[in-house]
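J.: Each chain, written out:
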Amino acid sequence: MSDFRGLEAVRAKIAAIEATARADHGVLPFGEAQIDGRLPGGGLPLGRWHEVCGDGMEVETAAAPTAFTALMVAPLARRGEVVWVLRRDDLWAPGLLGLGFPPERLIQVCARDEAEALSVMEDALGTVGVAAVVGEVEAADLTAGRRLQLACEKRQATGFVIRRRPYGGQARREATGSAASTRWRVASAPSEPPAGEFGLGAPRFRVELERCRGGRTGAWLMEAAAAYDSGAYSWETTDVAHPLRLVADLGDRQLAPAQRTAVAA
Amino acid sequence: MRVVRRLSAVSVEAVRLGLRAGQKATDAAALVPDLVTAEAEPQADAEALAALADWCVRFSPAVAIDAPDGLFLDVTGVDHLWGGEAAMLTDFSTRLAANGLPFRCAIADTPGAAWALAHYGQDGAIAPPGGQAELLKPLPPAALRLDTETWAQVERLGLRRLDQLMSIPRGPFARRFGRAALTRLDQALGREREALTFRRPPTPWFARLAFAEPISAPEDMARVTVDVTAKLCARLETQGRGARRFEIAFHRVDGKALPLSIGLSLPGRDPTRIAKLFAPRLDTVDPGFGIEVVTLTAQDVEPISGRQARLDAAREASVEEGLAPLVDRLVNRLGAERVWRAQPVESHVPELAVGRERPFAPAAGGKPAEVRTWNREAPRPARLFRRPEPVEAVMALTPDDPPSQFRWRGQLHRVRRAEGPERVGEEWWKGAIEDVRVEHVRDYYRVEDETGARFWLFRAGLYGDPDVLPKWWLHGVFG
Chain A
1 MSDFRGLEAV RAKIAAIEAT ARADHGVLPF GEAQIDGRLP GGGLPLGRWH
51 EVCGDGMEVE TAAAPTAFTA LMVAPLARRG EVVWVLRRDD LWAPGLLGLG
101 FPPERLIQVC ARDEAEALSV MEDALGTVGV AAVVGEVEAA DLTAGRRLQL
151 ACEKRQATGF VIRRRPYGGQ ARREATGSAA STRWRVASAP SEPPAGEFGL
201 GAPRFRVELE RCRGGRTGAW LMEAAAAYDS GAYSWETTDV AHPLRLVADL
251 GDRQLAPAQR TAVAA
Chain B
266 MRVVRRLSAV SVEAVRLGLR AGQKATDAAA LVPDLVTAEA EPQADAEALA
316 ALADWCVRFS PAVAIDAPDG LFLDVTGVDH LWGGEAAMLT DFSTRLAANG
366 LPFRCAIADT PGAAWALAHY GQDGAIAPPG GQAELLKPLP PAALRLDTET
416 WAQVERLGLR RLDQLMSIPR GPFARRFGRA ALTRLDQALG REREALTFRR
466 PPTPWFARLA FAEPISAPED MARVTVDVTA KLCARLETQG RGARRFEIAF
516 HRVDGKALPL SIGLSLPGRD PTRIAKLFAP RLDTVDPGFG IEVVTLTAQD
566 VEPISGRQAR LDAAREASVE EGLAPLVDRL VNRLGAERVW RAQPVESHVP
616 ELAVGRERPF APAAGGKPAE VRTWNREAPR PARLFRRPEP VEAVMALTPD
666 DPPSQFRWRG QLHRVRRAEG PERVGEEWWK GAIEDVRVEH VRDYYRVEDE
716 TGARFWLFRA GLYGDPDVLP KWWLHGVFG
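Those protein sequences? They're chains A and B, same order as listed. Residues 1 to 265, numbered by the working numbering, are exactly what the first sequence covers, in order. Residues 266 to 744, numbered by the working numbering, are exactly what the second sequence covers, in order.
Since the hints were made in silico from the structure, they are not lab data. Keep in mind it's a predicted model, so treat the numbers as computed, not measured. Heads up, a few of these hints could be off.
[Claimed, not checked] Below are the EDC-like pairs computed for lysine to aspartate or glutamate, each with C-alpha atoms no more than 20 Å apart in a straight line:
| no. | chain 1 | residue 1 | chain 2 | residue 2 |
| --- | --- | --- | --- | --- |
| 1 | B | K541 | A | E116 |
| 2 | A | K154 | B | E586 |
| 3 | B | K541 | A | D89 |
| 4 | B | K541 | A | D123 |
| 5 | B | K496 | B | D344 |
| 6 | B | K521 | B | E278 |
I would like the entire structure built from these sequences, with the hints used as guidance.
T.: Encoded structure:
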């Protein structure tokens, strides 16, 4: 019991140190206790930057990470503009609209190389009126990550880095350390249309929270319940649920990598 | 056809030997056997004249080219920078002479009078305001820029001086020499306006800094950029205006002018912001032996309101303070085509349904009454390939079924669920009717494979024609 108390005290101390290092900018809760409970402060921390990556072919197309990021950013678009920094200009506004993301709040920027993409991200993060910045980057090393973090803190904007090799090739070996607040690994999952209906159901994603500062990791099956449905979700109303809905808990994270290799093989 | 070679220009020495422009080359060679000639290069001459016009911008923003060998400078309202027309003309002559160019110049109220004085009057003549008539009187009629026919007519009548022409009543003058000649006379005397085609539109929004010593250090260039911007912006501020384009020109000692321009998405007049946009590109300016003058012009000047103080103006204020400068920085760094906002375009063809618009650009022809948007309910991929990619090994039932499997980028996908078809026809009304083909019809399917990956496939063409088999393509990926 005393050991446990001691651990709690150390945790509180660490939290206090971290809190003084940077002001708390609030969180964006998913509205699902299983997910929010694992994130520090009960939701996706704002004023930080987050990493989203995919697997296999997704390293080039980044389709599932794109859709997942657009869904996470959609509630933030209410607070200001969103800047999306691309390397390859294949992001398609009608598709984002279908997911529930407002294209009229989106400024797209096509950078010529990785360094430029990172510097545009930094510039945009430090601008008044920008709520979130999404950047497609192969890898943000520790220095670049730290710079992004400082830019996020300037105006409380939230950054999202989609790990992507826009022109294919082998994926770069993952950097061991990262300054990101969270890292999500996202893959598409088979959809389940309601019984008796043909076609595809709402888009589903297998989401793994691989890293989480001040929180715990987890894996879930999530669904964009309101995609391709004009009535169900509107980004403009203020008190609506998060566009992503929890479908199932994928259980122990240890199982997930094994499952992933099975799919890739 | 026989081509007669003629002298197109002659040097001062040649004139002394009795040669003149327009003379046959053979005649000239007979008169002066050791005559050195060079081939005329009208194109190069025009380019040199354009370069000279750019150089003259240091004296006035409004410079018009008078082909083949003349320039008009509108010095209205700029001579005070030199302390009067005489001082300005002296400075102009000194600098032009230092470049080794033979020239004649004059200042008058009208372009016509200035042209006449520069060509036929005393070099460096300055006509006092309203006094050009006196100075024009002794000049020959050719000073009126008449066409050859009228000029021959005037000569035939024995009129040798302009005052003889001026004394003819207007009616008979127009009858005898034509309306064009009367217009020329009126233009010279200031009774009629003459429109000049300025190389750049004349703008009163012009600032200029001249230095006693030429500068070349990068930090000096950055400082003068700030100074000249502050000078112009102070004027914009007092008039309650802002501009969307700024063009700075560095005038080098050797007579070259190096321009840089930047654009703003919202009209602005904040000198530090504008100077900052120039700053990253200053190192592309090669100062050579030094820069002696820097000029700045503002274009697309429009009234802007002052700072908004209303509480509910939070969003507008943030656009002016944060987003518009961000867009400007990005556009000036990456280029205008790399920063955009997607805009709906009315088209059935998916790749044409998205237009690009510059963020915060003014809406053309006022604000559209209704904000158009794409159809939210039609599933569209988040990533659309610029060129659809071919897929192989497609198994699909004819005529209309979605594929049950396909191979894309070397990987076989077994389709688990599918939706479609959504038929997209060709926009046949836009091209020639002969080009309309059934292969251009696309049937789109949204399919999901066993792992859950979702794709947007289409079949180009229809089954039925045994010669042309429809082809399958992958156009985009859903998340």
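J.: Now, for every hint given, state plainly whether the structure supports it.
T.: Hint check:
1. B:K541 - A:E116: holds, 18 Å
2. A:K154 - B:E586: holds, 15 Å
3. B:K541 - A:D89: Roughly 28 Å between the alpha carbons, so the hint for K541 (chain B) and D89 (chain A) is violated.
4. B:K541 - A:D123: holds, 14 Å
5. B:K496 - B:D344: Given pair K496 (chain B), D344 (chain B) holds - Cα atoms ~18 Å apart, limit 20 Å.
6. B:K521 - B:E278: violated, 29 Å
This entry does not satisfy hints 3 and 6, going by the numbered hints stated previously.
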